[in-house]
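Here the protein sequences line up with chains E and G, keeping their order. Just so we're aligned, residue 32 is where the first sequence starts under the numbering used here, counting upward by one. Just so we're aligned, residue 7 is where the second sequence starts under the numbering used here, counting upward by one.
A hint or two may mislead.
So, partial list: chain E residues that the calculated Cβ filter (under 7 Å) puts toward chain G [as the list claims (entries may be wrong)]:
(1) Leu109
(2) Asn114
(3) Ala121
(4) Ser234
(5) Gly235
(6) Leu246
(7) Gly324
(8) Val328
(9) Ser421
(10) Gly422
(11) Gln445
(12) Leu447
(13) Phe451
(14) Trp455
(15) Gln459
These are computed hints drawn from the structure, not numbers from a lab. Backbone N, C-alpha and C fix where the C-beta goes; we use that ideal spot for every residue, glycine too.
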Amino acid sequence: MSLGKLKAFLTLLMALGAVAYFGGDGTLASFSAETANPGSTIASGTLTMSNTVNSGTACLSSSGTGASNNVNSSCDKLFTITNVAPGVYAGVAQVTVKNTGSLNASKLWLWAPTTSTTLTAALTGGTSYTSLAVTALKSAVAAGQGIVVSSGTHSQTFYASAAAAANATSVSVTSQAANFSYPVSSYVDVNDCYDQTTTSAPSGSPSGTTYGSQLNFNSTAGNPMCGTMVTYVQETGQVTGSGGTTSYSYCWLGNSSGQSLCVAPISVTTTGSVTSASSALPVSALNGNVKNGDTIVVTKSDGSTLSFAATQDVTFGATSIPVGSGSGSGTATSGSKVSDTTSIGSLNADTTNTITNFDTSHNSRVGPVQLAQVTANGTLGNTGLTQLSSGASRTFEIGIMLPAPTGGIQNALQGLFSTFGLTWHIDQ
Amino acid sequence: VSRRRSSRRLKVVLAALALAGSMSFLTVSGTYAIFTSEEGDAGATAAAGTLTLSEVTNGAAATPCKSWTTGATANANTGCALLISTPTLQVPGQSVSGTVALTNTGSVDANDLRLYLPTCTTTTSPSAAVVGGANPCTEVTDNGTPDGLELAIEETDAAGVVQKCWYPVIATGACTSSPDWSAGAPNSFPIFAEYVTDVGSSYDLGPGPAKGATRYFKLTVILPTEASNSLQGEEALFGLTWHLST
Numbered sequence: 032m033s034l035g036k037l038k039a040f041l042t043l044l045m046a047l048g049a050v051a052y053f054g055g056d057g058t059l060a061s062f063s064a065e066t067a068n069p070g071s072t073i074a075s076g077t078l079t080m081s082n083t084v085n086s087g088t089a090c091l092s093s094s095g096t097g098a099s100n101n102v103n104s105s106c107d108k109l110f111t112i113t114n115v116a117p118g119v120y121a122g123v124a125q126v127t128v129k130n131t132g133s134l135n136a137s138k139l140w141l142w143a144p145t146t147s148t149t150l151t152a153a154l155t156g157g158t159s160y161t162s163l164a165v166t167a168l169k170s171a172v173a174a175g176q177g178i179v180v181s182s183g184t185h186s187q188t189f190y191a192s193a194a195a196a197a198n199a200t201s202v203s204v205t206s207q208a209a210n211f212s213y214p215v216s217s218y219v220d221v222n223d224c225y226d227q228t229t230t231s232a233p234s235g236s237p238s239g240t241t242y243g244s245q246l247n248f249n250s251t252a253g254n255p256m257c258g259t260m261v262t263y264v265q266e267t268g269q270v271t272g273s274g275g276t277t278s279y280s281y282c283w284l285g286n287s288s289g290q291s292l293c294v295a296p297i298s299v300t301t302t303g304s305v306t307s308a309s310s311a312l313p314v315s316a317l318n319g320n321v322k323n324g325d326t327i328v329v330t331k332s333d334g335s336t337l338s339f340a341a342t343q344d345v346t347f348g349a350t351s352i353p354v355g356s357g358s359g360s361g362t363a364t365s366g367s368k369v370s371d372t373t374s375i376g377s378l379n380a381d382t383t384n385t386i387t388n389f390d391t392s393h394n395s396r397v398g399p400v401q402l403a404q405v406t407a408n409g410t411l412g413n414t415g416l417t418q419l420s421s422g423a424s425r426t427f428e429i430g431i432m433l434p435a436p437t438g439g440i441q442n443a444l445q446g447l448f449s450t451f452g453l454t455w456h457i458d459q
Numbered sequence: 007v008s009r010r011r012s013s014r015r016l017k018v019v020l021a022a023l024a025l026a027g028s029m030s031f032l033t034v035s036g037t038y039a040i041f042t043s044e045e046g047d048a049g050a051t052a053a054a055g056t057l058t059l060s061e062v063t064n065g066a067a068a069t070p071c072k073s074w075t076t077g078a079t080a081n082a083n084t085g086c087a088l089l090i091s092t093p094t095l096q097v098p099g100q101s102v103s104g105t106v107a108l109t110n111t112g113s114v115d116a117n118d119l120r121l122y123l124p125t126c127t128t129t130t131s132p133s134a135a136v137v138g139g140a141n142p143c144t145e146v147t148d149n150g151t152p153d154g155l156e157l158a159i160e161e162t163d164a165a166g167v168v169q170k171c172w173y174p175v176i177a178t179g180a181c182t183s184s185p186d187w188s189a190g191a192p193n194s195f196p197i198f199a200e201y202v203t204d205v206g207s208s209y210d211l212g213p214g215p216a217k218g219a220t221r222y223f224k225l226t227v228i229l230p231t232e233a234s235n236s237l238q239g240e241e242a243l244f245g246l247t248w249h250l251s252t
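Could you put the whole structure together from the sequences, leaning on the hints where they help?
Here it is, written out as structure tokens:
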């Protein structure tokens, strides 16, 4: 066989092999069966929340002005209170927090919006510093804000001497010698509350009325008003995910925290005539709590007073205060001022529940307040219980007062204003 | 032998990987993102009001003395004008007066106005030919009869018309028209000077003024008709402090 014929023969054999390999197999008969499950989907739920201050518009974590990555730090202010005098109830705001997502939130938290970072350069004890080197700030720092540097049991508060932008890696501070050698990575927490002086008199004031920046005895150094004003957070009830309601009370923060009712002053007026023989005082809706035994004073139009002892606990929204027989003569007409001198007295002596202490004791890093379910007045359920079900909402009253300690002169606080906030947070 | 060793090595490696895998599973699981949501009610403000005092002594034309400006410390101004600038009481029965207009220039109402007399010292009158030796800042008694200086504190309207007597008795109208004043009130000045010396012992002049409001007072020091001879040639130097509080 010539070489050419041999090549042709081998080529033919390869072709036959290929046909047998690729083509022949499909022609073999066999039984078969098949089913398919096409188009399966899996969808994630949502965990979002809304926040409504008083009767304002609900602020959403997920959308709207200020919302980013399901965090909205720009919800309504709790207060814009002006012309506060010591010993007088400054005001209260109601906040309703609602789970607007489809998933239950196992945890609901409350904390002060403190900005936390760490030192990137150590401090040497005894050396004075006018700036702190830190990892990038998560949010801006205002001049005057307290900056707490801590390591172990050591801590020291510096004060920002100038504003610093978010992401800044250095903060200017009022010169101060370090009280300890703080190593790199020491915690740096920027307190939220800070003081400034007012630059105009309150609206409607008589011409020539003084304001903060005119005075020479009201330094903002150290944020004294933040460190004096006392606050409370009172839960008053909730709407469950299924639409049911409860009105259990729990004092989360403030004087009497851990009990059913915070010490929360009232500032209301009578809605009917009152004499010392009255067994209940008809009043406009309470904006605080009255505890059994508290002294309730009704001031008549001539400045004289009627005094009573409350005979029952009553809380926010109540329109009647049960009382025992009172003292004082005459009749207080509708519209007379009603105050709870017991609660005012308690807060006048309160140096613990200040806004500064809230900032330092209850921020996202230290002591966040986990708002467990309230299962009865003054009683918490297990922390394993869902704390904000899908569709559920919980309502809180947040109040503040500038105390007037007995014998104390508060002139250094004249014409100052404090700026502060709260953060609400839910977890899956 | 070498295949067995390899196999053992392979098992060891696989075991190590399995361990590393489970460790990383256990470790990393904590950092898996869960859903969270957060909101902040930022920027709440609470502003304190002000309580400041402006004083005009002896006439509207005078420059107000303010508690909060130059010369003042901690909202107290101790450098206001003299209340009584012609101090000489020549003979018993003479009196000398000064007026004060107090305006609450703050933004909050005052609940209380008080007055006290922190300092009173005695000296000899510059032109005195005879010196009696008594201290006009202290109570003076002759034969059991009080006969020291008298003090009257009266509230007036803006025109200077007396409305109320505050001291030594509280009564409607001028102090001298009160029945309790009819016999005068010898030693009412030294009693005030001795016992009303600070905020704690201060004399209560009632509530107010409200923010923007003014209260007017007239203070009169009298050498009583029955004044003791021991007061001859003596002089009292004293200051008064007006105290406003919320």
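Evaluation of the provided hints:
A distance limit of 7 Å between C-beta atoms decides the matter here; for E/Leu109 the minimum to chain G is near 4 Å, and the interface restraint holds. Checking E/Asn114 against chain G: minimum C-beta separation of about 4 Å stays under 7 Å; hint holds. Residue-level restraint check for E/Ala121 holds (minimum Cβ-Cβ distance to chain G is 6 Å; threshold 7 Å). The closest approach between the C-beta of E/Ser234 and any C-beta of chain G is roughly 10 Å, which is over the 7 Å cut-off, so the hint fails.
Because the closest C-beta pair between E/Gly235 and chain G is about 9 Å apart, greater than 7 Å, the hint is violated. Hint on E/Leu246 holds. Least Cβ distance to chain G is approximately 5 Å, under the 7 Å limit. With a cut of 7 Å, the hint placing E/Gly324 at the interface with chain G is violated, because the nearest CB-to-CB distance is about 26 Å. The beta carbon of E/Val328 comes no nearer than 14 Å to any beta carbon in chain G, farther than 7 Å, and the hint placing it at the interface is violated.
Because the closest C-beta pair between E/Ser421 and chain G is about 12 Å apart, greater than 7 Å, the hint is violated. Contact between E/Gly422 and chain G, as hinted, is not supported at the beta carbon level, the nearest pair being about 14 Å apart and thus beyond 7 Å. Checking E/Gln445 against chain G by beta carbon gives a least distance of about 5 Å; that is within 7 Å, so the hint holds. Given the 7 Å rule on beta carbons, the hint for E/Leu447 holds: about 5 Å separates it from the nearest Cβ of chain G.
With its C-beta approaching chain G no nearer than about 6 Å, E/Phe451 sits inside the 7 Å limit, and its interface hint holds. For the restraint placing E/Trp455 at the interface with chain G, the shortest Cβ-Cβ distance is roughly 5 Å, inside the 7 Å limit, so the hint holds. Evaluation of the E/Gln459 hint against chain G yields a held restraint, the C-beta minimum of about 4 Å falling below 7 Å.
Violation of the numbered hints given earlier is confined to hints 4, 5, 7, 8, 9, 10; the remaining hints are satisfied by the structure.
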